[in-house]
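Top to bottom, those sequences are chains A and B. As numbered in my numbering, residues 7 to 212 make up the first sequence, in order. As numbered in my numbering, residues 7 to 212 make up the second sequence, in order.
Any copy, or any two copies together, can satisfy a pair, since identical chains are not distinguished.
In silico lysine to any residue, SDA-like type, Cα no more than 20 Å apart, as pairs:
#1 Lys50 / Thr134
#2 Lys50 / Lys74
#3 Lys184 / Arg142
#4 Lys184 / Asp122
#5 Lys184 / Gln117
#6 Lys50 / Asp75
#7 Lys184 / Met124
#8 Lys50 / Ala138
#9 Lys184 / Thr151
#10 Lys50 / Leu36
#11 Lys50 / Gln76
#12 Lys184 / Gln139
#13 Lys50 / Glu135
#14 Lys50 / Leu79
#15 Lys184 / Gly119
#16 Lys184 / Ala138
#17 Lys184 / Glu135
#18 Lys74 / Thr31
#19 Lys184 / Leu149
#20 Lys184 / Ala147
#21 Lys184 / Thr134
Honestly, the hints are just simulated from the structure, not real lab data.
Protein chains: 2
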Amino acid sequence: MTSAEQPATPAPRKRTGRRPGSADTRRTVLEAARAEFAARGYEKASMRAIARAAGVDAALLHHYFGSKDQLFLAALELPVDPRAVVEHALAGDRATVGERVAGFVLTLWEQPGVLDRMLALIRAAATTEQVAQLMRGFVTAELITRIAAELDVEQPELRAELMFSQVVGLAMARYVVKVEPLASATREELLPLLAPTFQNYLTAGA
Amino acid sequence: MTSAEQPATPAPRKRTGRRPGSADTRRTVLEAARAEFAARGYEKASMRAIARAAGVDAALLHHYFGSKDQLFLAALELPVDPRAVVEHALAGDRATVGERVAGFVLTLWEQPGVLDRMLALIRAAATTEQVAQLMRGFVTAELITRIAAELDVEQPELRAELMFSQVVGLAMARYVVKVEPLASATREELLPLLAPTFQNYLTAGA
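Looking at chain A on its own, in the form it has when it is part of the complex (with noise of 0.2 Å):
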């Protein structure tokens, strides 16, 4: 094109901001949605704070994405797919197992917004029945059920239950409460001291 064919004046641009349904749109509301929520908490995050961010019309994020429910719902968008840590860390030899899940849950948290993410759930479920209810149905549907049926121990859905409350009370120790050392561990450190509680968790007694 050379600079003849350019038009002399921009196109027109709408000033109202993004078009609230478009995948880009999309994948921006619920990236504002979900530093909103880690950052403020369920209750307390505004969805006129997360269209601010997102630079869309609050009216027009209502009509996309419902309510504060359903937005939240939306934006947990799981950092990986529960069937993903099944293949990933169950599968292969299961005398190592707990070295895949420890290193698998320290890899994932460092992650570009994982932790935000993680964190965000956890407050929320903290502090609302109504999502520590919908995390438990989730939680159990998605993620207890798939790994209890690569378990071949006995009560292989409470041994997936305790792996699960490890892995919510390191988050909360380590990017929650802080303690130090902890919180400024590094993967080689807790990865010696993790492993063995999430093998004994899923195979002590197979």
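We have chain A already, so just place chain B on it with the hints.
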């Protein structure tokens, strides 16, 4: 005292409620505060509701207990003296310390009022950085340092904090998210699974 000696009319009683300064009233106020913090979370808990539940005047509540922050700290009144954890659970044969810690934690939560206090703390720490900071200071000074001093391992503080993380995570999964079958599991089912975790954190590599 014979009936003839009884005063004809009862001694005059104030109708304005309890005296906020008495030990009795203090206990009543702290119980009301713990119930309110546990039920509504730190942010939504109301000084007015606490005063009403305790039967004291709201202004006097402020006068005697200060701000909500200060009342919260007073209400923490940890369910157990941290030194007791160290003395009862860590003393004795180190080969069975995991079992004693697991038994201690599982028993503790069944004591009247303890669970409410623990959940109020966890909820508040999860949603309010100020409380997380208070908890961090308290946990480090009163719990981690004492436990670490008793351990014959490298990185004793890190070990003690991993133990703390499993206790917090268990409370979240069992009593907040209430995922089943963990929420209904008996002490007898949980003890043999949890004991090796605590044993590993506190003694592995000793």
